[in-house]
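Undergrad: All chains should be built: construct the whole structure from the sequences, respecting the hints.
Respectively, the protein sequence lines represent chains A and B.
Residues in the first sequence are numbered from 0 upward in steps of one, following numbering that gives the first Met the number 0.
Residues in the second sequence are numbered from 0 upward in steps of one, following numbering that gives the first Met the number 0.
I should point out that these hints are in silico values taken from the structure, not numbers from a laboratory.
Among the clues, some could well be false.
[Stated by the list, open to error] Straight-line alpha carbon distances no greater than 25 Å define the calculated SDA-like cross-link-like pairs of lysine to any residue that follow:
#1 Lys-121/A x Ala-200/B
#2 Lys-94/A x His-266/B
#3 Lys-154/A x Val-58/B
#4 Lys-11/A x Gly-203/B
#5 Lys-222/A x Arg-234/B
#6 Lys-121/A x Gly-203/B
[Stated by the list, open to error] Computed far set for chain A versus chain B, every beta-carbon distance over 10 Å:
#7 Lys-4
#8 Ala-48
#9 Ser-89
#10 Arg-317
All C-beta atoms, glycine included, are put in the ideal place defined by N, C-alpha and C.
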Amino acid sequence: MASLKQRKDRSKYQFTGNPAARSQTPHADSPSEIDPYVVDDPELKQAIALAIYLGRPLLLEGEAGCGKTRLAEAIAYELGLPFYRWDIRSTSLAKEGLYEYDALLRLHDVQLKTGGVESGDKSINPANYLRFGALGKAFQLTDSPAVVLIDEIDKADLDFPNDLLTVLDQPWSFEVPEAIQSDSKPLTIGPALHPPIVIITSNREKGALPLPFLRRCIYYYMKFPDRNGLQKIVEAHYGEAEATQATATQATEAKGFKQALVDAAIDRFLKLRDSKALFKSPATSEFLDWLDAMVEFGDGERLVKLLGLEDDKRLPFREVLLKVQKDWDLFSAMES
Amino acid sequence: MEPFGGEFAGVAIEAPRVVVQNAFRQVRKAFGLGVGELQAAIEAVDGGFGQTDSQALGVVLRSLWCHSVLEQSQWDEKWEKLMRELAARQREERAAQRMEEDREETHGEEERSLSPQTIPSNPVSTPSEDQSPAKAGFSPLPVQVPSLEEEMDEFDLRTVGPVSRRSMSYGWRSLRRWRSDGPRSVVDVGATVGRLARLGAYTGPVLVRQRASHGRLVLLVDQQGSMVPFHRWSRDLVETARAERTIEVNVFYFYNVPQAFLYLDEHLTRPIAMAEVLAGMEGETVVMLVSDAGRQGGGGIAIGCGRRRALWGRCDRVRRWWGG
Numbered sequence: 000m001a002s003l004k005q006r007k008d009r010s011k012y013q014f015t016g017n018p019a020a021r022s023q024t025p026h027a028d029s030p031s032e033i034d035p036y037v038v039d040d041p042e043l044k045q046a047i048a049l050a051i052y053l054g055r056p057l058l059l060e061g062e063a064g065c066g067k068t069r070l071a072e073a074i075a076y077e078l079g080l081p082f083y084r085w086d087i088r089s090t091s092l093a094k095e096g097l098y099e100y101d102a103l104l105r106l107h108d109v110q111l112k113t114g115g116v117e118s119g120d121k122s123i124n125p126a127n128y129l130r131f132g133a134l135g136k137a138f139q140l141t142d143s144p145a146v147v148l149i150d151e152i153d154k155a156d157l158d159f160p161n162d163l164l165t166v167l168d169q170p171w172s173f174e175v176p177e178a179i180q181s182d183s184k185p186l187t188i189g190p191a192l193h194p195p196i197v198i199i200t201s202n203r204e205k206g207a208l209p210l211p212f213l214r215r216c217i218y219y220y221m222k223f224p225d226r227n228g229l230q231k232i233v234e235a236h237y238g239e240a241e242a243t244q245a246t247a248t249q250a251t252e253a254k255g256f257k258q259a260l261v262d263a264a265i266d267r268f269l270k271l272r273d274s275k276a277l278f279k280s281p282a283t284s285e286f287l288d289w290l291d292a293m294v295e296f297g298d299g300e301r302l303v304k305l306l307g308l309e310d311d312k313r314l315p316f317r318e319v320l321l322k323v324q325k326d327w328d329l330f331s332a333m334e335s
Numbered sequence: 000m001e002p003f004g005g006e007f008a009g010v011a012i013e014a015p016r017v018v019v020q021n022a023f024r025q026v027r028k029a030f031g032l033g034v035g036e037l038q039a040a041i042e043a044v045d046g047g048f049g050q051t052d053s054q055a056l057g058v059v060l061r062s063l064w065c066h067s068v069l070e071q072s073q074w075d076e077k078w079e080k081l082m083r084e085l086a087a088r089q090r091e092e093r094a095a096q097r098m099e100e101d102r103e104e105t106h107g108e109e110e111r112s113l114s115p116q117t118i119p120s121n122p123v124s125t126p127s128e129d130q131s132p133a134k135a136g137f138s139p140l141p142v143q144v145p146s147l148e149e150e151m152d153e154f155d156l157r158t159v160g161p162v163s164r165r166s167m168s169y170g171w172r173s174l175r176r177w178r179s180d181g182p183r184s185v186v187d188v189g190a191t192v193g194r195l196a197r198l199g200a201y202t203g204p205v206l207v208r209q210r211a212s213h214g215r216l217v218l219l220v221d222q223q224g225s226m227v228p229f230h231r232w233s234r235d236l237v238e239t240a241r242a243e244r245t246i247e248v249n250v251f252y253f254y255n256v257p258q259a260f261l262y263l264d265e266h267l268t269r270p271i272a273m274a275e276v277l278a279g280m281e282g283e284t285v286v287m288l289v290s291d292a293g294r295q296g297g298g299g300i301a302i303g304c305g306r307r308r309a310l311w312g313r314c315d316r317v318r319r320w321w322g323g
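TA: Here it is as structure tokens:
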């Protein structure tokens, strides 16, 4: 948790969900561009504010494809903060988020030197062979906190979250035993002047996360967007494209046609998900791709009619939505 | 203490810090909370979160204290109940206070003229610092404010069934059988340095074989009938076993007692011959059987675990839980 002074400093970082409110002087490691991202729920905004203020990790759960991962990037973009992403694999260790030490490269350099090959003085200092991970980089920032995304934490081994616990708290520092300093003590990174804003995603595929870890987190369950949510996502994605139409008439015509298609597509998409007939439900990104495909390659009016038909087994561009053969067989393609 | 504009059912709620402390005492055990969570909630409240009304405060505490959808769904109900109780308590306290004030106004002189000896004090009333024997004579019957501490442990959200999912996941680890028989592609730093020290020159890294687990598990799950109350739990067992990527898991289902045929699905519609299942097992395969044998044991479930040869004779370890 952040100290009182740190909390006061952090209260200036207010995420509103509006990318236009981006800081005028973003950090060099802040994302330079971002796809539109809709944050509709005030409770989510409050959970983010709490995580920033208290210096506790924000644990996001929810089904795949509802936008958990991209939220961290949206926060970093709007606040102009550096963004460091750590994708967790089944073999990930907590230490890798802090640093990795290339012992073999150093050994190699030492050999070059003893063999008379000029390799500079790099090998004298073991710290030259450190490669910092997402948290390691975030701990060393002096001007602002970083946004660190720890993506899909439950892919890692069971003890992984517990190993992270000691690092993600006061005094926000860690030691590098491989790099012994001149005073015979290991190199210490931190205490961090600005503890990072940590966003962790999970879909609980592997079992419950440990209770001590959960206790330290702010928790938010991300629901799949409803009709209004999808509508806002579409508006956010297409709003910019429509603004670039050549004339006002063109833009209005395009908007009218697209709106009918969007409405029909959202209805059909939500029905498809709600029917629970699918082995793998499509996510929001697949929905947007599907809509793109229909706008770009489909016959608009015909599609609107087809999508509105009850119990019709024809699904246009099913290859964009359905990724499992069992689901694929439930629907037929639209005849051209 | 900062003023709190919150109210519930028309009754103003006391300062949020007090509300947080009260709420913490009541839900601490059920939600598995520690002092750190209380501290975080107080710091959030001091930082201006949840100050507007009781609903906003409830949402803040839900974010801080609930760590699953199940807990969140329980929280809203608990929070409303808490606020109702707080409002009722305050209403009672105010009513008692008003009554006291009225009584002081109308009977003040009369009370003062009465001697302490003539009217005995109420022996069961709650003693307070300013309560003189004279006042006690006209005080209303003592109102017993119900103790709010530690009374809401009727549910425990942390585990469902005799073993939690996390314990299951830990348990499956013991079935790992590591063998270094993969491709020779892992650098052994220690051996590399050792060889360099011996030879005095670097001759390249020492590579060792990759490790791979050869653990195998056959899970036989009694399904339907008297096992219905355990379905949720046995599903967790199957899911956590399948999520353990270092062991090869095969799950088969049966009804009451495994016989000549087992089933591949939990609805018992796709049969597979027992002989076929047995033929697929290797020496290192661990078999786990989860069953209540049609409630023969009186309603508990038992888990037996052993190697293939012990399967039908006796299991190496049997543990029994009662429930259902």
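Undergrad: Determine for every hint whether it applies to the structure shown.
TA: Tested hints:
A threshold of 25 Å between alpha carbons decides the hint, and for Lys-121/A with Ala-200/B the separation of about 20 Å falls inside it, so the pair holds. Annotation: proposed proximity of Lys-94/A to His-266/B is violated, straight-line Cα distance about 44 Å (limit 25 Å). Annotation: proposed proximity of Lys-154/A to Val-58/B is violated, straight-line Cα distance about 29 Å (limit 25 Å). A distance of roughly 53 Å separates the Cα atoms of Lys-11/A and Gly-203/B; the hinted pair therefore is violated under the 25 Å criterion.
With a CA separation close to 24 Å, the supplied pair Lys-222/A and Arg-234/B stays within the 25 Å bound. For a cut-off of 25 Å, the pair hint linking Lys-121/A to Gly-203/B stands: about 20 Å separates their Cα positions. Annotated as non-interface, Lys-4/A keeps its C-beta farther than 10 Å from every C-beta of chain B; the closest such distance is 13 Å. Annotated as non-interface, Ala-48/A brings its C-beta within 10 Å of a C-beta of chain B; the closest such distance is 7 Å.
Residue placement check: Ser-89/A does not keep its beta carbon more than 10 Å from all beta carbons of chain B (closest about 6 Å). With a closest Cβ-Cβ approach of about 27 Å to chain B, Arg-317/A is found to remain outside the 10 Å limit, as its non-interface label requires.
Checked against the numbered hints listed earlier, the structure breaks hints 2, 3, 4, 8 and 9; every other hint is satisfied.
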